[in-house]
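Whole structure, please, built from the sequences with the hints as guidance.
Chains as they are written, first to last, in our numbering: chain A, 1 to 504; chain B, 505 to 1008.
Rather than coming from a laboratory, the hints here were simulated on the basis of the structure. Keep in mind that a hint or two might mislead.
Cut-off 20 Å, straight-line C-alpha distance, at most; resulting in silico cross-link-like pairs (EDC-like, lysine to aspartate or glutamate) [what the hints assert, rightly or not]:
(1) A:K11 with B:D893
(2) B:K909 with A:E41
(3) B:K626 with B:D593
(4) B:K724 with B:E760
(5) A:K373 with A:E499
(6) B:K626 with A:E81
(7) B:K611 with A:E350
(8) A:K405 with B:E545
(9) A:K11 with B:D845
(10) A:K11 with B:E854
(11) B:K924 with B:E958
(12) A:K11 with B:E561
(13) B:K735 with B:D711
(14) A:K11 with B:E545
(15) B:K611 with A:D427
(16) A:K424 with B:D582
(17) A:K11 with B:D582
(18) A:K107 with B:E526
(19) B:K877 with B:E538
(20) B:K924 with A:D103
(21) A:K107 with A:E159
(22) B:K924 with B:D944
(23) A:K107 with B:D931
(24) A:K420 with A:E441
(25) A:K122 with B:E526
(26) B:K515 with A:D341
(27) A:K373 with A:E324
(28) B:K515 with A:E350
(29) B:K909 with A:E81
(30) A:K107 with B:D797
(31) B:K928 with B:E964
(32) B:K909 with A:D293
(33) A:K450 with A:D497
(34) B:K928 with A:D103
(35) B:K611 with A:D20
(36) A:K405 with B:D944
There are 2 protein chains.
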Amino acid sequence: MAKTDKANRLKPQLPRGFVDREAPDLRATAVMLERIAQVYELYGFEPVETPAFEFTEALGKFLPDQDRPNAGVFSLQDDDEAWISLRYDLTAPLARFVAQNYDRLPKPYRSFRSGYVFRNEKPGPGRFRQFMQFDADTVGAASVGADAEICMMTADTLERLGIARGDYVVRINNRKVLDGVLARIGLDGEEHEATRLTVLRAIDKLDRLGIDGVEALLGKGRLDESGDYTKGAGLEAEAISRVLAFVSAGQGSQAETLDRLGELVAGIEAGEQGVAELREMLSLFEAAGYGPDRVLIDPSVVRGLEYYTGPVFEAELTFETEDEDGQVARFGSVAGGGRYDGLVGRFRAENVPATGISIGVSRLMAALDALGKLDSAEAAGPVVVLVMDRERIGAYQAMVADLRKAGIRSEMYIGSSGMKAQMKYADRRNAPCVIIQGSDELEAGEVQIKDLIEGKRLSEEIDDNRTWRESRPAQIQIPTGDLVGAVRDILAAHAADAEAERGR
Amino acid sequence: MAKTDKANRLKPQLPRGFVDREAPDLRATAVMLERIAQVYELYGFEPVETPAFEFTEALGKFLPDQDRPNAGVFSLQDDDEAWISLRYDLTAPLARFVAQNYDRLPKPYRSFRSGYVFRNEKPGPGRFRQFMQFDADTVGAASVGADAEICMMTADTLERLGIARGDYVVRINNRKVLDGVLARIGLDGEEHEATRLTVLRAIDKLDRLGIDGVEALLGKGRLDESGDYTKGAGLEAEAISRVLAFVSAGQGSQAETLDRLGELVAGIEAGEQGVAELREMLSLFEAAGYGPDRVLIDPSVVRGLEYYTGPVFEAELTFETEDEDGQVARFGSVAGGGRYDGLVGRFRAENVPATGISIGVSRLMAALDALGKLDSAEAAGPVVVLVMDRERIGAYQAMVADLRKAGIRSEMYIGSSGMKAQMKYADRRNAPCVIIQGSDELEAGEVQIKDLIEGKRLSEEIDDNRTWRESRPAQIQIPTGDLVGAVRDILAAHAADAEAERGR
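What follows is the structure, encoded as structure tokens:
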């Protein structure tokens, strides 16, 4: 292919909101996904995966914070005119999958999956148009035993990932209790659907705006710092105080919280049922030994999505970190979910109960990174065999083949640069050592091994003006036949040093 | 959410060419991808991943068998009017990635990635619109040492996956030799580009059509069985015989093949260079101990893609299997690639040499399945704790929590059905045993464990009218406190039985 002239040259770039991912990120993600899957398998969940595309109508209109129908979705028209869309979450596709395979699946059906989802939204810092979720769902179980199990499994997952007990909490509420409170203040019935959604979203902002902000949003409205005015739900003072009493009912023991909620919805069937469900979940947590330090009933959790019909839950990281400006911040929510009994029923004659949780993988990774708990099955750099004489690359190739046969990660340098650039390359690749066979070594039937890690340490010690310590030589010359054994010894010495370093 | 009435009910289905994937498939894929990555890591390659979308113009027009520009690609217009497309392979995105990050990457840059690619084509049996590829590429190395390494790595990969030496071969050719042959018959120069592509595609069909079919396609054309006529390249008899001599030059020793190719292109610079490159690759294979049973120079390999500029290679499975109709068939190609020195240069002032290979993951999986080599880290079914008395689910939950704490995959039944349906559920889940505590057992402070695997074997032996053998009881009753230990013993006995079964 001819050289491209400047005018025709393409700019190498990605569309906004999409990113490339490199080795440390990918390796850490793989370790993390594997650990989550281990916990889910332990709980009896089975992997299942749906494709990137679904019929647009199958996805429904359940995007958070989207008022326009199908805004936020990547859609295109298939050649038979049908609209198809890239999935924007993993829940709607699962509902389609279960409906499609209902008769042959075991019921209740526990499943999990991780994968990319796509949002055609304006990207921003930390907001991408392609990102990964990790979901677990139980379909076909009406009992809140299924919800309780998912909450405990989430707690176990966070601990499996290295987050200490006390540094996270899974908060739990029930939409039916909120519905009960809303019925109590006359907001039941279809004609109040819009107002109910406004109330829901106001409560959802408690974290950010505090109780005064929510109060304003439940009443006339609120002017925020940027000068934007958000119209409120327009509730009366009495109604507002009932909603606020609900939101702040989570004080004292869990039993006290439940009693307080029971009073708030007394006489309203849905509300009483919601409190009974929370009570049942609490008894399961207690039976299994999961205290309020792990799973906690908290009436301020509502979750923005319309489709939830019962228990809702949110896993929150409670430890504090400093951001780059030294501001103390909490990571907040890393997973959320709840019961969505209507979603599978969109495809079927009967309703099918379902509940599930979704982990935001990137968000959780950022948190683990901040905690220093982001383990990566970091591959050591490869041993690099330098090419000293291009005529003899067969001999170098034979060395590298021997090393690989012995399971040692290694490369022959295959560029066209000289010795200095080759050493620089080995350095960039974090090579533990390089193998050199120039004409002198060849004549002696030997190879030279330079230990780059030991060499670096020696030179740092000189820089530091410390006393020279007893140490291994950073460079040895050995018979060619001893190459594999000698490299293995060097790698073992590095591993022992690293072990000792960790032990300190 | 209200029950959906029939008229509004959605049909649960996927767009054509997309599929769901379930546990056995996903588990086997995970094992396979992990093994491939292990070999690539051993060779010093690093993981890197690009997103699903690219700017359409960055992808170029390099789809195989597509004459219409951008046909076969899922594209849509972004809100700033720019066209973006889902990647149709992993090569074009890598070229963009390397061009974008050129200065900070080590060079040569060895990398690998697996991921879904998308083709907006008519789906058919075994042809999907979303499928997985696993690629490895070396960018920045002009030497065919890079190509040779990728060929050897591919051989190692197939063996790592359980394909025996002799059941596969990596075939290698060089486009420059073909270019030399074409120059020899007057087909060099831009004005013959279309004819050259026709010749290329004719040779590519050797496997399917045999030498006579290719001869017809090089000449006037060919009428196939369905009655379709394919217009030929229109070459003269003398030119055809030269092309056929090239295609069938791969006989005798590899050195003889190279000599024959040398004669065919004598005096044509590109051709002679191509033969010299093959000769260098051969010497590297020999130095590393890779004989023609693993990597073989074969002039009939051309690869359909236009962008290849030097060595091309194809990994073929050579063992035969019977298909469902008892027809003997070969699996054929499972991976292919070659040198594409111009692809990165589309984005840069200078050309950047590059070479790589792509494994068709699903195709290779089908082959491994046929060989019985498709290992799956199959999770055993979960132990199921039955719910005999809904009032006591706290106690059942405590049992399951204990089992999980001990690392035993287990579930409490969370559906609403009775004893019989629960046993059927346990059966469908391949439960090794179920835990039962009804009122009688509760009173005695005990639990019952039914060993479903042992129970099944006993009942089969009765069915077979064989004599009863000494065996473990399929049902035991033990103190509740001994549950975890007893379950552990049963699982260990199953594992020992399975081990003995394999040993037979």
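If any of the earlier hints don't hold here, list their numbers in rising order. 1, 4, 7, 14, 16, 21, 25, 29, 30 and 36
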